[in-house]
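Reading the sequence shown from the start, the letters are residues 20 to 146 in our numbering.
The hints are simulated quantities; they were obtained by calculation from the structure and are not laboratory data. Idealized CB from N, CA, C, for every residue including glycine. Among the clues, some could well be false.
[Unchecked claim] Computed beta-carbon distance windows for the label pairs:
{"id": "1", "residue 1": "Tyr39", "residue 2": "Ala127", "range": "11 to 21 Å"}
{"id": "2", "residue 1": "Ala131", "residue 2": "Phe102", "range": "16 to 26 Å"}
{"id": "3", "residue 1": "Pro35", "residue 2": "Gly114", "range": "34 to 44 Å"}
{"id": "4", "residue 1": "Asp23", "residue 2": "Phe102", "range": "20 to 30 Å"}
{"id": "5", "residue 1": "Thr22", "residue 2": "Ser126", "range": "22 to 32 Å"}
{"id": "6", "residue 1": "Gly38", "residue 2": "Lys76", "range": "18 to 28 Å"}
{"id": "7", "residue 1": "Leu37", "residue 2": "Ser126", "range": "30 to 40 Å"}
{"id": "8", "residue 1": "Val119", "residue 2": "Val45", "range": "18 to 28 Å"}
{"id": "9", "residue 1": "Glu61", "residue 2": "Asp23", "range": "35 to 45 Å"}
{"id": "10", "residue 1": "Val45", "residue 2": "Phe98", "range": "16 to 26 Å"}
{"id": "11", "residue 1": "Ser126", "residue 2": "Gly82", "range": "34 to 44 Å"}
{"id": "12", "residue 1": "Gly110", "residue 2": "Tyr142", "range": "29 to 39 Å"}
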Amino acid sequence: MTTDRINISSGSPREPVLGYSRAVRVGDLVVVAGTTSGGVGETAEEQTREIFARIEKALGDAGATLADVIRTRVYLTDFERDFDAVGAVHGELFGDIRPVTATVGTSALAGATTLVEVEVDAYLLRD
């Protein structure tokens, strides 16, 4: 059985330098790399909304939607302060979809003002 691999780029000049893709699709599986807001937004909520817009674009480029997401991973630099705000945005987007998720506190993320990073896995269940 042969399954083609499709690398999806966001167009970021960092991708070829660092050797990664924004997303990769293999068969019906789509994995989206850790995504930040790229400096958009001052609060964790604002950054999370921008992050999910970027993730939704990557999923769309791979032929998927947020409805196909089966797992999310959320990284926060200030877990206590930002968990509820980020969780509220996650709940708005995934309340009916309900993927599995993990939220992790970390001391730093790429970029001095980055408060949130998210990665997702999706599986296309439709025909």
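Check your understanding: Going back to the hint list, which numbers does this structure go against?
Key -> 4, 5, 7, 10, 12
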